[in-house]
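**Q** What follows is each chain in one-letter form.
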Amino acid sequence: MSDKKLMMSSSPHITATHSTRSIMRDVLIALAPALAAGIYFFGLRSLVVVLLSVASCMLSELLFTALRKKPCTLSDLSAAVTGVILGLNLSPLVPFYVPVFGGVFAMLIVKMPFGGLGKNFANPAAAARVFLLLSFSTAMGRFMNPVDWTGAGAIFTGMGGADAVTGATPLVTGDASYLNLFLGNVGGCIGETSALALLLGGLYLLIRRVIHWRVPVLVLLSGAVFSALFAWDLSASLYTVLSGGFMLGAIFMATDYATSPNTVWGSVIYAVFIGFVAVLLRSFTNMPEGISFAILLGNLITPLLDKYIYPRPFGYQKKGKEGAKNA
Amino acid sequence: MQHKKLSQIAVNGLLNENPTFRLVLGMCPTLAVTTSLINGVGMGLATTFVLFCSNLLISLLKNIIPDKVRIPAFILVIATFVTIVEMVMNKYMEGLYQALGLYIPLIVVNCIIFARAESFASVNPVLPSMVDGLSMGLGFTAALAVLGSIRELLAYGKLGGIVLLGEWFPGIAMLGTAPGGFLTLGLCMALFNYVYGRVTEARAHKKQAKAKEENV
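So the sequences go chain by chain: A and B.
So for the first sequence, our numbering puts the first residue at 4; every next one is plus one.
So for the second sequence, our numbering puts the first residue at 286; every next one is plus one.
Calculated from the structure, these hints are not laboratory results.
Note that the structure is predicted; figures quoted are calculated from it, not measured.
Mixed in with the good hints there might be a few duds.
[Stated by the list, open to error] Calculated pairs, DSSO-like style, for lysine-lysine (alpha carbon to alpha carbon, straight line, at most 30 Å):
no., chain 1, residue 1, chain 2, residue 2
1, A, Lys-72, B, Lys-491
2, A, Lys-73, B, Lys-290
3, B, Lys-290, B, Lys-491
4, A, Lys-72, B, Lys-492
[Said to hold, decoys possible] Far from chain A, some chain B residues (derived; all Cβ distances over 10 Å):
no., residue
5, Leu-300
6, Leu-310
7, Cys-338
8, Leu-345
9, Asp-352
10, Val-354
11, Glu-379
12, Gly-380
13, Gly-386
14, Pro-390
15, Ser-407
16, Leu-460
17, Leu-468
18, Met-474
19, Glu-486
All residues carry an ideal CB built from backbone N, CA and C; glycine is no exception.
Please model the entire structure based on the sequences and the hints provided.
**A** Here you go:
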């Protein structure tokens with residue numbers, strides 16, 4: 004470690020060896036299993052969708068920095084991460100303009116006008132997904148069943164979007180087995196299908212200390228508790244956590260540094276709130292999935308949580324009883 | 286001197302104090318009816334008519350209206366003209382009347398009209414008040430037309446009801462809804478103020494340079 008440099012950076016000081024680039028690289032590595040699972044279950048078209056989304060995000064950021072005559076920020080990889088997460092949030096059957104519009108929206112509306120990385124008010128991928136849901140609801144709502152791997156050329160299934168077997172997601176049918184949900188052998192968005200792959204990625208991030216366990220675990224826990232409460236059925240909780248984008252959102256989107264609270268109690272409230280709203284939307288609205296709306300709302304209350312909840316400074320005593328005693 | 290002032294007032298409503306982009310007044314109709322170019326222009330012109338007439342009448346009556354009851358008096362004047370607009374539209378422009386719906390009677394509580402009555406027409410002579418009403422109204426109309434055309438084009442691929450972008454264009458449905466209205470408004474406002482700031486800055490520089498030259 005002789006070449007270790009003294010790093011000067013503004014708070015929050017995560018660790019000295021982390022840089023934005025290394026964190027983003029870790030996130031990309033952690034997303035790889037989910038992407039691989041998506042390609043395995045839905046064919047190569049999913050890869051094309053994700054790549055288009057990445058390209059759109061990166062080009063949009065490049066365009067913005069070039070127009071504003073700012074230094075190019077592509078090398079911190081944050082645009083690529085947003086692109087991958089956004090791509091994983093789309094159905095493998097979406098028309099190709101959907102990831103392109105999504106990337107443009109994420110970068111040119113949500114992220115860059117507010118000052119770029121670290122200053123965005125909401126997670127760009129979550130906001131872009133909500134935008135796409137509201138804009139292209141039909142295209143966003145078409146899902147396919149996992150590819151049948153017995154035939155030759157199965158890997159190209161869905162390339163045209165016509166030959167794939169479209170089907171309802173387990174969120175709609177509600178009858179998938181836990182094993183299939185866990186492995187990912189169900190219909191859904193590219194990245195949300197396999198809970199196993201997402202957990203692997205999340206574990207990697209935890210070990211690399213890129214994310215803290217508090218937010219993802221509490222989002223999942225609160226989702227489980229509230230869904231059991233709403234349905235008055237304990238088995239509903241596991242189904243909620245394993246199905247849809249719950250795990251993808253909890254591990255990769257709710258943990259965004261810029262849009263989640265800085266304090267312990269702030270992030271507890273934030274995480275429980277996200278789980279609660281997501282289950283609320285799933286249970287009582289006509290939308291099958293609510294996690295992206297929940298994360299967006301959580302992002303929006305984050306400034307409030309940061310403003311009203313702050314840690315007690317070291318050595319600080321509350322005025323009142325203790326102060327009176329000392330006096 | 287009088288002439289120059291009138292032209293200043295005219296420019297004021299369109300640019301310096303554009304009700305939508307600079308004063309941020311009348312947001313309710315701005316967000317609600319700009320789903321298409323025709324709706325935007327229709328709402329803008331209806332408001333312009335009311336604004337012009339109410340400014341004229343309030344300016345004429347400003348010495349008669351007691352200070353304490355001026356707000357109810359303004360509302361009465363404004364509501365009269367709004368009723369006229371509503372009836373005329375109902376008779377001659379049925380389609381637009383249906384499209385704008387509730388937002389026509391709501392012109393009564395449009396803050397642009399109120400603001401101009403309170404801050405301009407009630408303290409200025411008749412002619413400047415008329416010019417002010419007209420230019421504020423046209424500034425509002427122009428803003429609504431811009432917002433309406435952007436939203437109509439991107440959400441439905443049409444402009445003024447004519448299909449411009451063909452079948453291949455998917456249509457960004459969100460821009461037709463209220464959140465899309467907020468987005469478009471914010472972006473247009475940012476662009477307007479960016480350009481406006483650059484222009485006024487350049488003008489100030491020129492003036493300074495000229496003054497320096499004259500001093501030398």
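**Q** Decide, hint by hint, whether the structure agrees.
**A** Taking the hints in turn, this is what the structure says about them:
no. : hint                     : verdict
1   : A:Lys-72 with B:Lys-491  : 25 Å, holds
2   : A:Lys-73 with B:Lys-290  : 42 Å, violated
3   : B:Lys-290 with B:Lys-491 : 22 Å, holds
4   : A:Lys-72 with B:Lys-492  : 28 Å, holds
5   : Leu-300                  : 23 Å, holds
6   : Leu-310                  : 24 Å, holds
7   : Cys-338                  : 40 Å, holds
8   : Leu-345                  : 46 Å, holds
9   : Asp-352                  : 42 Å, holds
10  : Val-354                  : 42 Å, holds
11  : Glu-379                  : 31 Å, holds
12  : Gly-380                  : 27 Å, holds
13  : Gly-386                  : 23 Å, holds
14  : Pro-390                  : 29 Å, holds
15  : Ser-407                  : 40 Å, holds
16  : Leu-460                  : 8 Å, violated
17  : Leu-468                  : 7 Å, violated
18  : Met-474                  : 12 Å, holds
19  : Glu-486                  : 17 Å, holds
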